[in-house]
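**Q** Chain residues, written in single-letter form:
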Amino acid sequence: MPAVSGRHNGRQIIVAAFVAPPLDAQRFDLLQVSALVDTGASRSLVTRDSAQRLGLPPRGKHPLVSARATELVDRYAFRIGFRVDETLGPWFLDVDLVGSEFRSQTDFQVIIGMAVLRTGTLQLWPDGRFRFAF
Amino acid sequence: MDMAAQRQQVDENYDQFQRVLGSILAEHEGKIALMRDGEIVAFFDTVRDALKCANDRFPDGIYSLQDVTREPIDLGVFSHAGG
Numbered sequence: 000m001p002a003v004s005g006r007h008n009g010r011q012i013i014v015a016a017f018v019a020p021p022l023d024a025q026r027f028d029l030l031q032v033s034a035l036v037d038t039g040a041s042r043s044l045v046t047r048d049s050a051q052r053l054g055l056p057p058r059g060k061h062p063l064v065s066a067r068a069t070e071l072v073d074r075y076a077f078r079i080g081f082r083v084d085e086t087l088g089p090w091f092l093d094v095d096l097v098g099s100e101f102r103s104q105t106d107f108q109v110i111i112g113m114a115v116l117r118t119g120t121l122q123l124w125p126d127g128r129f130r131f132a133f
Numbered sequence: 000m001d002m003a004a005q006r007q008q009v010d011e012n013y014d015q016f017q018r019v020l021g022s023i024l025a026e027h028e029g030k031i032a033l034m035r036d037g038e039i040v041a042f043f044d045t046v047r048d049a050l051k052c053a054n055d056r057f058p059d060g061i062y063s064l065q066d067v068t069r070e071p072i073d074l075g076v077f078s079h080a081g082g
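So the sequence lines, in the order shown, correspond to chains D and R. To convert, note that position 56 of the first sequence is 55 in numbering that gives the first Met the number 0; the numbers rise steadily by one, no gaps. To convert, note that position 33 of the second sequence is 32 in numbering that gives the first Met the number 0; the numbers rise steadily by one, no gaps.
Accuracy of the hints is not assured; some may be wrong.
Said to hold, decoys possible - Beta-carbon label-pair distances, calculated as ranges: (1) R/GLU26 with D/GLY9: 41 to 47 Å; (2) R/ALA3 with D/ALA68: 25 to 31 Å; (3) D/THR118 with R/ASP14: 29 to 35 Å; (4) R/ASP55 with D/ASP93: 44 to 50 Å; (5) D/ALA66 with R/GLU38: 35 to 41 Å.
Claimed, not checked - Far from chain D, some chain R residues (derived; all Cβ distances over 10 Å): (6) MET0; (7) ILE23; (8) HIS27; (9) ASP36; (10) PHE42; (11) GLY60; (12) PRO71.
Don't read these hints as lab results, they were simulated from the structure. A virtual CB, placed ideally from N, CA and C, is assigned to each residue, including glycine.
Only chain D is shown next, with the shape it has when bound in the complex (with noise of 0.2 Å):
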């Protein structure tokens, strides 16, 4: 089973990943995000910025609910995937994903909610390791 591994800083979880579109487009374009790993997350959530320089069209619209508001946002069809192995390329979840949009003023362009960490082992450590094996 393949895993991402790495170190959080106690408060959050932030891997280095990929968002590609979905495997039935044939397009093989990848974006090398930050992903925040939130299990408070229901789905997994992409910047516009993100999906808009990887060329993924809007693919619906949903409610998304924050602090602030209620708000209807685009979603868009696209795969998450990391580097298990340095001398590999990604390796891409199973699945596609129908994610929705967010704005981020922060230093990660990915929600991984739970219903990707819900398709995998996600283990922590109390010396700070995170594994997610998927």
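Given chain D, work out where chain R should sit, using these hints.
**A** Relative to chain D, chain R alone:
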């Protein structure tokens, strides 16, 4: 792909989806609805299956997908940090 046409398709399909959601929820909750021209074409269990059907049936790429649910997406802990 004609992005303006896709934008319009997404908006129109969403409006129509909201009108019929109450009538399809009981039977199809949790599924993914593939939509074209304001009509639901089919329901799927996975995004990949929905995309495969969509790409086979609509090579122009003009279609949309809607989750059959009334639940909004929760932005998670990030939202509580002011994002």
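**Q** Each of the hints needs a verdict: does it hold here or not?
**A** Results of checking the hints against the structure:
Take R/GLU26 and D/GLY9: their Cβ atoms lie about 46 Å apart, and the range 41 to 47 Å holds. Between R/ALA3 and D/ALA68 the CB atoms are about 28 Å apart, so this pair conforms to the stated range of 25 to 31 Å. Judged by the Cβ atoms, the range 29 to 35 Å given for D/THR118 and R/ASP14 holds: they are separated by roughly 32 Å. Between R/ASP55 and D/ASP93 the beta carbons are some 20 Å apart, a value that contradicts the proposed interval 44 to 50 Å.
Roughly 36 Å separates the CB atoms of D/ALA66 and R/GLU38, a value that falls within the hinted 35 to 41 Å. Chain D draws R/MET0 into its interface by the beta-carbon criterion, the shortest separation being 6 Å against a cut-off of 10 Å. For R/ILE23, the non-interface assignment is confirmed: its Cβ lies about 15 Å from the closest Cβ of chain D, beyond the 10 Å cut-off. No Cβ of chain D approaches the Cβ of R/HIS27 within 10 Å, the least distance being about 15 Å, so the stated non-interface status holds.
Against the 10 Å criterion, R/ASP36 stays outside the reach of chain D, whose nearest CB is about 15 Å from its own CB. Once the 10 Å rule is applied to beta carbons, R/PHE42 is consistent with being away from chain D; the minimum gap is 14 Å. With a least beta-carbon separation of about 7 Å from chain D, R/GLY60 fails to lie farther than 10 Å from that chain, contradicting its non-interface assignment. The non-interface label for R/PRO71 is inconsistent with chain D: the shortest C-beta to C-beta separation is roughly 4 Å, within 10 Å.
Checked against the numbered hints given earlier, this structure breaks hints 4, 6, 11, 12; the rest are met.
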